[in-house]
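Chemist: Chains as they are written, first to last, in the working numbering: chain A, 351 to 618; chain B, 193 to 367.
Honestly, the hints are just simulated from the structure, not real lab data.
A quick note: this is a predicted structure, and the numbers were derived from the prediction, not measured.
C-beta atoms are modelled at their ideal positions from N, C-alpha and C, and glycine is treated no differently.
Treat the hints loosely; a few may be bogus.
Label-pair distances were calculated between CB atoms; the ranges are [claimed, not checked]:
hint	chain 1	residue 1	chain 2	residue 2	range
1	A	R393	B	I295	40 to 46 Å
2	A	V387	B	F321	40 to 46 Å
3	A	E423	B	S244	57 to 63 Å
4	A	G367	B	L350	36 to 42 Å
5	B	F321	A	Q559	41 to 47 Å
6	A	R393	B	Q287	24 to 30 Å
7	B	A346	A	S586	53 to 59 Å
8	A	V358	B	A207	49 to 55 Å
Partial list, derived from the structure: chain A residues whose beta carbon lies under 8 Å from chain B [said to hold, decoys possible]:
hint	residue
9	L365
10	R385
11	L388
12	M398
13	G403
14	L406
15	Q416
16	T418
17	T474
18	V537
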Amino acid sequence: MSIKPRTVLLIAGGLAGLLLLMLAGVIRPVRERVRFVLLPVARVTASMGAGIGRALHIDPGAEAAQETVRELEARLRSISVDYVRLRALEEENRSLRAQAQFIADTGFRTLGARVISRAIRYETAAIVIDRGARDGIEVGHPVVTDDGILLGKVFSLGERTATVVLVSDERSRVAASVSGTNRLSGVVEGQGNGTARFTLVPQSEPLAQDDVVVTAGTEDRVPANLVIGWVNNVESRPTDPFKSAALELLAAMDRADLVSVILPAGNR
Amino acid sequence: MSPSRQWNRRALAGAIGLAAGMVDATVTVWFPGLFSVIRFALPGALAITVFSSLDRALVAAVAAGIVMDVLQPSFGFTPIRLALVCVAVRFISQQYVTNRSLIGSVALGIVGLLIDRSILVGATWAHGFIGEAFIPEVHAPLWAEAAWVGACMAVLFLLFAAFSKRFLPFFTRRS
Numbered sequence: 351m352s353i354k355p356r357t358v359l360l361i362a363g364g365l366a367g368l369l370l371l372m373l374a375g376v377i378r379p380v381r382e383r384v385r386f387v388l389l390p391v392a393r394v395t396a397s398m399g400a401g402i403g404r405a406l407h408i409d410p411g412a413e414a415a416q417e418t419v420r421e422l423e424a425r426l427r428s429i430s431v432d433y434v435r436l437r438a439l440e441e442e443n444r445s446l447r448a449q450a451q452f453i454a455d456t457g458f459r460t461l462g463a464r465v466i467s468r469a470i471r472y473e474t475a476a477i478v479i480d481r482g483a484r485d486g487i488e489v490g491h492p493v494v495t496d497d498g499i500l501l502g503k504v505f506s507l508g509e510r511t512a513t514v515v516l517v518s519d520e521r522s523r524v525a526a527s528v529s530g531t532n533r534l535s536g537v538v539e540g541q542g543n544g545t546a547r548f549t550l551v552p553q554s555e556p557l558a559q560d561d562v563v564v565t566a567g568t569e570d571r572v573p574a575n576l577v578i579g580w581v582n583n584v585e586s587r588p589t590d591p592f593k594s595a596a597l598e599l600l601a602a603m604d605r606a607d608l609v610s611v612i613l614p615a616g617n618r
Numbered sequence: 193m194s195p196s197r198q199w200n201r202r203a204l205a206g207a208i209g210l211a212a213g214m215v216d217a218t219v220t221v222w223f224p225g226l227f228s229v230i231r232f233a234l235p236g237a238l239a240i241t242v243f244s245s246l247d248r249a250l251v252a253a254v255a256a257g258i259v260m261d262v263l264q265p266s267f268g269f270t271p272i273r274l275a276l277v278c279v280a281v282r283f284i285s286q287q288y289v290t291n292r293s294l295i296g297s298v299a300l301g302i303v304g305l306l307i308d309r310s311i312l313v314g315a316t317w318a319h320g321f322i323g324e325a326f327i328p329e330v331h332a333p334l335w336a337e338a339a340w341v342g343a344c345m346a347v348l349f350l351l352f353a354a355f356s357k358r359f360l361p362f363f364t365r366r367s
């Protein structure tokens with residue numbers, strides 16, 4: 351097929367019209383129908399892709415990994431001590447709750463989902479899950495790994511899929527606190543490349559390396575005490591009203607293929 | 193070629209586009225490091241543009257683009273972008289660079305990639321200008337993607353030359 355400049359202009363014009371329709375949201379129902387048809391296949395291929403991705407995952411710097419292992423072992427020792435102390439406190443707490451006949455009800459439930467696509471590179475960290483508005487998901491609902499660590503929050507919704515912006519994404523903001531304080535301490539801001547910072551922490555708030563940072567529970571749809579990560583190093587200047595800290599995120603952002611969305615218990 | 197055969201070939205191109213889009217949106221996105229450069233929709237659409245016909249390439253490009261658009265977190269105007277790239281590359285291959293040599297095919301592939309990235313930058317800027325929040329499309333480094341697209345085009349050119357008579361000199365075709 352020979353192509354002339356006029357044909358190029360015609361095709362370009364047609365495509366520009368289609369672009370305008372896309373921007374105006376006119377083709378949104380069509381997109382939903384196509385998604386409905388493709389979703390079963392996407393679940394299978396995404397599962398295959400996750401398996402292949404894991405097989406291809408070769409850590410480039412073995413030496414750096416060794417260094418990380420040593421650092422983590424030291425941290426684990428420190429945390430083990432804290433853990434023993436916490437167990438003792440937990441036992442005490444349990445007996446006190448039993449005495450008071452306290453019924454713990456968080457008011458939330460979880461909904462399992464599969465990651466069908468993702469975009470994780472540089473400042474962007476987002477995934478698409480195979481659950482959407484039809485499953486009761488709303489924008490802002492938190493998404494956690496299978497062991498309950500916060501991955502991110504729902505950013506946009508389709509009928510059957512949802513886009514989740516991960517905690518490390520530059521667009522991500524999560525109200526957070528230091529575990530055990532039970533009050534808003536600051537905001538976890540994504541920094542891209544799998545990192546995040548705990549910012550806007552008032553100088554009066556105690557903050558130290560290895561402190562565990564959790565969700566504050568002050569956001570409408572995010573429950574308190576979802577683990578985000580731990581404090582790596584604190585940056586504080588006496589002249590600044592706030593301090594900040596580099597966070598080590600606990601969720602394996604680049605490997606999560608099965609996740610859970612946390613929904614209000616009455617939301618079915 | 194009979195019309196039914198032409199439609200069969202378009203359907204085949206559409207199926208190839210669907211498969212390539214599905215793999216790009218749900219499989220290769222899991223690949224770590226430089227493996228993430230592996231993509232099939234753009235090289236596939238470019239190969240069909242360069243070695244086959246524009247109408248089949250447009251069918252494949254739009255099919256792949258729609259699949260990627262509805263499944264990926266990013267909103268990269270993919271069907272429109274891929275279709276524009278096919279049209280531009282076809283135009284260039286007819287006006288400036290021949291597709292009848294290995295170097296020419298590789299060059300057309302890389303030019304296609306550059307056009308794709310340019311449109312993506314423009315679309316991202318326009319989307320940001322409108323003010324709507326969106327997830328930008330992510331890619332491997334440009335040099336790595338250029339190497340991948342170039343390699344795909346070279347391999348496909350050699351396969352096409354080996355299994356078809358299109359690039360044989362005129363006298364051998366008559367003999």
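Chemist: Are the hints correct? Go through all of them and say.
Modeler: Here is how each hint holds up against the structure:
{"no.": "1", "hint": "A:R393 / B:I295: 40 to 46 Å", "result": "holds (42 Å)"}
{"no.": "2", "hint": "A:V387 / B:F321: 40 to 46 Å", "result": "violated (33 Å)"}
{"no.": "3", "hint": "A:E423 / B:S244: 57 to 63 Å", "result": "holds (58 Å)"}
{"no.": "4", "hint": "A:G367 / B:L350: 36 to 42 Å", "result": "holds (39 Å)"}
{"no.": "5", "hint": "B:F321 / A:Q559: 41 to 47 Å", "result": "holds (42 Å)"}
{"no.": "6", "hint": "A:R393 / B:Q287: 24 to 30 Å", "result": "violated (44 Å)"}
{"no.": "7", "hint": "B:A346 / A:S586: 53 to 59 Å", "result": "holds (56 Å)"}
{"no.": "8", "hint": "A:V358 / B:A207: 49 to 55 Å", "result": "violated (26 Å)"}
{"no.": "9", "hint": "L365", "result": "holds (5 Å)"}
{"no.": "10", "hint": "R385", "result": "holds (5 Å)"}
{"no.": "11", "hint": "L388", "result": "holds (6 Å)"}
{"no.": "12", "hint": "M398", "result": "holds (6 Å)"}
{"no.": "13", "hint": "G403", "result": "holds (3 Å)"}
{"no.": "14", "hint": "L406", "result": "holds (5 Å)"}
{"no.": "15", "hint": "Q416", "result": "violated (19 Å)"}
{"no.": "16", "hint": "T418", "result": "violated (17 Å)"}
{"no.": "17", "hint": "T474", "result": "holds (5 Å)"}
{"no.": "18", "hint": "V537", "result": "violated (18 Å)"}
The earlier numbered hints that this structure contradicts are 2, 6, 8, 15, 16 and 18.
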